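Following the hints, position chain B against chain A.
Given next are the chains, with one letter for each unit.
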Amino acid sequence: MFEELICRMSGGPMDELPLSALLDEAPVALALLDLGGRVVLVNRAYEALTGADRSGLAGLGCMHALRCDFCAKGCPVPEGRRAFSPVSHNGDIIARDRQRIPVRMTVALVPAADGAEAFFLETVQDMREVSELTRSGQAYSVKGFIGDSPKMRRVLDMIQSVAQTNSSVLITGETGTGKDLLAEAIHKASDRANGPFVKVNCGALPDTLLESELFGHLKGAFTGADRNKPGRFRMAHGGSLFLTEIGDLSLALQVKLLSFLDDRVVYPLGGNTGQEVDVRIIAATHRDLEAMAREGRFRRDLLFRLNVVRVHLPPLRERDRDVQLLRKHFLKVFCERFNKTVKGFSEEAARVLDHYPFPGNVRELRNIVEYAVNFCQTEGIRLEDLPEYILDQGPAPAEVQGPFDAAGRLPERSAAGSPGRGRETWAEAERRMIVEALMRSKGRKGRAAELLGWGRSTLWRKIRRHGIEG
Amino acid sequence: MIPLSGEEIAPRFDLATEVRVVQLDISGKAPLVLDDKVVVLPQASAEVLCRLVLSEAVNSVICAGIDEEYYQFLTWKKVRVLDDVVGPADSALAALLAGTLSAGDNLYPQPG
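In order, the protein sequence lines correspond to chains A and B. Numbers 1 to 470, taken from our numbering, label the letters of the first sequence in order. Numbers 1 to 112, taken from our numbering, label the letters of the second sequence in order.
Same shape as in the complex, but just chain A (with noise of 0.2 Å):
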């Protein structure tokens, strides 16, 4: 039935015109809908978005297959009107991994070449990216990145450069200093940048499952294996796959990713026949690759293809003053997140952030800022709003003198609007924030959830991750 619709609409058989080869080059999630709103063809960028694969889908109403808020919002297809004009819409999905994804959705129908058959054309554009600038008023940064340092104008000058080239990259650093948001960048600034970024991350998965989540299996490859999957590589086809944690590949896979920059084909686990994928690889690590190929633990020719271009992110640390303007960065988001009106920084607590080494680097500094923006309950945020294990560093700056002791710390006492806090790491003072609030609200959640200003959900997700019972 399927099929002839197909062939209806390409107006000769499929053979002729191979429809499904043709959508799979579009950048953007398509879905082919029969007049019943049941999905007769995705394309690749679908099934890349939603996470479904696509022989799972054919037959489906539309709703199941993509999840879409709008399916209950208006959308003319579930209730059966015949005649549109296109409609838009700015929404939600679910995605297979429980992802909520902003999108804007099109729906349109389409008359067939002869007008006796028609089908639903839906068009489904990521809106991650534009969600995401405008929740965090990133705009006036470069590619997501704020830095204004001698070391990240250089990363920041390469990335168009880097962007244009089909070359592999290998980006380094630290943790925390911006490898995903780099990747990402690097992607969109390319030519693939409608084409799916498909992120996998290396040390995320036991060895068998990496290897059929990247390369993909077929149907009775191995027990479970009840249906033909895709893999991430062929899901990233057009576009770019970003490997996370690439020094924690192991060596089995590292011969068979070896393989794929070789010839561009991947082989299924369960299939003899391969499949070419276009497809750029942007790999990063915190690890010292070289050190790990010295040691046998990482393999050299791997390194050598990997490495054709290379980034480094540097530490913040070494990023001057990126630390003044990453702070107040943060202070607008969080203070917009939270619904606060927080206005600055005292002296005091800008001192010490300005002298503080950042071991987790810009995302520790995020953090910071979170847990102060939480605790502030006045204009600015003073010295006793920030978490106490960053007032717990060696010997301070000359000009920070005042608030310290002789021993170059602290004291206790000056970490005030805490007394007999003691010293404690950020995710203690985050558990006991929330015991506070808990105590406070006598145990209703939302109220707790109220005085912490989160949102119910966040609430919950951290007292099951500090193991608070509930």
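Hint data in this document are derived by calculation from the structure and do not stem from the laboratory. Treat the numbers as computed from the prediction; the structure is a model and nothing was measured. Among the hints, a few may not be true.
Cross-link-like lysine-lysine pairs, in silico, DSSO-like; alpha carbons within 30 Å at most [to be verified]:
hint, chain 1, residue 1, chain 2, residue 2
1, B, 78, A, 462
2, A, 188, A, 199
3, A, 445, B, 37
4, B, 78, B, 37
5, A, 73, B, 37
6, B, 37, A, 442
7, B, 78, A, 445
8, A, 199, A, 219
9, A, 343, A, 188
10, B, 77, A, 445
11, A, 442, B, 77
12, B, 77, A, 462
On the chain B side, residues computed to face chain A include the following (Cβ under 10 Å) [stated by the list, open to error]:
hint, residue
13, 7
14, 9
15, 12
16, 14
17, 17
18, 46
19, 66
20, 70
21, 73
22, 77
23, 106
24, 108
Beta-carbon label-pair distances, calculated as ranges [to be verified]:
hint, chain 1, residue 1, chain 2, residue 2, range
25, B, 90, A, 51, 24 to 30 Å
26, B, 41, A, 166, 34 to 40 Å
27, A, 435, B, 90, 41 to 47 Å
28, B, 41, A, 436, 31 to 37 Å
29, A, 276, B, 25, 52 to 58 Å
30, A, 51, B, 24, 27 to 33 Å
For each residue, glycine too, the CB sits at the ideal point set by N, CA and C.
Same frame as chain A, now just chain B:
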């Protein structure tokens, strides 16, 4: 509990305005349906549904799309969540009773 869209499993947990709550007696050889009711919600809300899950002491939720946050919350509360299931609610219940239901199942009749 099964969030509903008509007679089918609702495409999204957070957008369901009706839920089917089935009480089973599993002490015997075959599970026995003690109660089977449909609760109509004043508005679609994942948080309201989560509260209902807890207040009704639900131990299994069968749904299609569910946000990671609510999935984690429910599993943390020791509720078994079988998600990414599509098809008629009756078929889901039957498969659950038969012990054959898994996350990701498509319960619509398959061609061939």
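Numbered hints the structure breaks, given as an ascending list: Numbers 6, 9, 13, 26, in rising order.
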